[in-house]
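Enquirer: Residue numbers (my numbering), protein chains in the order written: chain A, 227 to 439; chain B, 227 to 439.
Everything labelled a hint here was simulated from the structure, so no lab data went into it.
Honestly, I wouldn't trust all of these hints.
Identical chains share a label here; the pair holds if one copy fits it or two copies do between them.
In silico lysine to aspartate or glutamate, DMTMM-like type, Cα no more than 25 Å apart, as pairs [unchecked claim]:
#: 1; residue 1: K258; residue 2: E287
#: 2; residue 1: K276; residue 2: D255
#: 3; residue 1: K276; residue 2: E417
#: 4; residue 1: K328; residue 2: D397
#: 5; residue 1: K328; residue 2: D381
#: 6; residue 1: K258; residue 2: D336
#: 7; residue 1: K328; residue 2: E233
#: 8; residue 1: K388; residue 2: E269
#: 9; residue 1: K388; residue 2: D273
Residues per chain are reported as follows:
Number of protein chains: 2
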Amino acid sequence: MRDQYYEQLDQIVDELVQLTGTVRRAVADATKALLEADGQVAEAVIDGDKVIDETTEVIEERALLLLATQQPVATDLRQLVATLRMVADLQRMGDLSVHVAKIARRRMPDVAVPELLAPTISSMAQVADQMIDSASRIVANRDVPAAFRLEEDDDEMDRLRKELFRLLLSDSWEHGIEPAVDLALLGRYYERIGDHAVSMARRVVYLVTGQLT
Amino acid sequence: MRDQYYEQLDQIVDELVQLTGTVRRAVADATKALLEADGQVAEAVIDGDKVIDETTEVIEERALLLLATQQPVATDLRQLVATLRMVADLQRMGDLSVHVAKIARRRMPDVAVPELLAPTISSMAQVADQMIDSASRIVANRDVPAAFRLEEDDDEMDRLRKELFRLLLSDSWEHGIEPAVDLALLGRYYERIGDHAVSMARRVVYLVTGQLT
Chain A
227 MRDQYYEQLD
237 QIVDELVQLT
247 GTVRRAVADA
257 TKALLEADGQ
267 VAEAVIDGDK
277 VIDETTEVIE
287 ERALLLLATQ
297 QPVATDLRQL
307 VATLRMVADL
317 QRMGDLSVHV
327 AKIARRRMPD
337 VAVPELLAPT
347 ISSMAQVADQ
357 MIDSASRIVA
367 NRDVPAAFRL
377 EEDDDEMDRL
387 RKELFRLLLS
397 DSWEHGIEPA
407 VDLALLGRYY
417 ERIGDHAVSM
427 ARRVVYLVTG
437 QLT
Chain B
227 MRDQYYEQLD
237 QIVDELVQLT
247 GTVRRAVADA
257 TKALLEADGQ
267 VAEAVIDGDK
277 VIDETTEVIE
287 ERALLLLATQ
297 QPVATDLRQL
307 VATLRMVADL
317 QRMGDLSVHV
327 AKIARRRMPD
337 VAVPELLAPT
347 ISSMAQVADQ
357 MIDSASRIVA
367 NRDVPAAFRL
377 EEDDDEMDRL
387 RKELFRLLLS
397 DSWEHGIEPA
407 VDLALLGRYY
417 ERIGDHAVSM
427 ARRVVYLVTG
437 QLT
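Just need the whole structure built from these sequences, with the hints factored in.
Expert: Dropping the structure here:
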């Protein structure tokens, strides 16, 4: 009975890790659509969000079924509740990649990001990618040291967001209001993607160590 | 045993409704700080978020304890899982009111919202307030008809966000980049507060009717 339970719990963790991979690709694709004004990739990200939503529901249902049928206590209970929270984080990261893709699509055939800001947005996307990768390894292997890397990445994300706003608000900004508004929102979206990765990692670290980071 | 269980479940719902009231006041105060450049109110919102976070944790712990000790199944299980999701929504709405208060504070002694946009922001805040009120009644009384009102409010929020962006991006905009960026982010924050109210309501409607709205 307990063996079967742990098998099912492992399966849920596997599915969570796989979904994290799907979300990581959605974010990377949204960035590609954004920086290259690639309409096909933008549409694929927007359409692909259905799959992320469906997978979220499947994992939720499995976790609820395990809660109901196995009635776990203590750490096992917390693990399942943490899983429910983490799928919510992943679903939201999927939504945010759709927001990025929609800004890309709205400005096509132009590129929504002026050249001046492409390196900053590209770096934010790269940091977000690393953060999702760390979150995935933390979930898969309960790799607590990876959580420290994640906090460093979060500091870097914060620095990049400040750089982005400094550039947007500098006197030399010559692109007008609409790109400034788009870029402010894009900065926010990448920052939130990073926040959700941090939130996932903290749930696992708390499960493993009992300590809030 | 079951009587005690339902008593504890009722208590959790009461606490959730109370927390919804606290969050509703935080959003209203943040709007007051924003539209009146009131520094004291802004600080109160920023400091007050600690209380929302602590209350969130208390409700979470109670729900987990009930899950572990009473091992509910079916609807009762879903009710507790829905509660965990709803406290996460409320915590996030608290964070968003802090973001509003921080924009207000950063621009003081000036008012962050130009006169031209004050009616739109004021309407967004009013719709958000109605939405949180509906969510609260839906949670307290399983008041499913209130969910329809909420969907109408959500359409109105969408209309106001479009109006906000139309004004920001119009040729007659004369306030420069920084207020435009602030206003775009403020629009986003109120919209997200509304989204979280919708998310709370949908969880209750699903519990009561078994139907996703």
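Enquirer: Is the C-alpha distance from K276 to D255 at most 25 Å within one copy, between copies, in both cases, or in neither?
Expert: Close inside one copy (15 Å), not across copies (37 Å); limit 25 Å.
Enquirer: Give the relationship of K258 and D336 under a CA distance limit of 25 Å: within one copy only, between copies only, both, or neither.
Expert: within (14 Å within a copy, 39 Å between copies)
Enquirer: Cα distance capped at 25 Å. Does K388 pair with D273 within a copy, between copies, both, or neither?
Expert: Cα proximity of K388 and D273: across copies only (23 Å, versus 32 Å in one copy).
Enquirer: Using 25 Å as the alpha-carbon threshold, which applies to K328 and D397: within, between, both, or neither?
Expert: Answer is between: at 23 Å across copies they meet the 25 Å cutoff, but 28 Å inside does not.
Enquirer: Could you figure out if K328 and D381 sit no more than 25 Å apart (CA to CA) within one copy, between two copies, both or neither?
Expert: between (27 Å within a copy, 20 Å between copies)
Enquirer: Which holds for K328 with E233 at a C-alpha limit of 25 Å: within a copy, between copies, both or neither?
Expert: Classified as neither: same-chain Cα gap 40 Å, cross-chain 47 Å, threshold 25 Å.
Enquirer: Taking 25 Å as the upper bound on the Cα-Cα distance, should K388 and E269 be classified as within, between, both, or neither?
Expert: between (30 Å within a copy, 22 Å between copies)
Enquirer: Are the CA atoms of K258 and E287 at most 25 Å apart within a copy, between copies, both, or neither?
Expert: neither (33 Å within a copy, 42 Å between copies)
Enquirer: Checking K276 and E417: alpha-carbon separation at most 25 Å within a copy, between copies, both or neither?
Expert: Answer is both; intra-copy 23 Å and inter-copy 22 Å each pass.
Taken one by one, the earlier hints fail for this structure at numbers 1 and 7, listed in ascending order.
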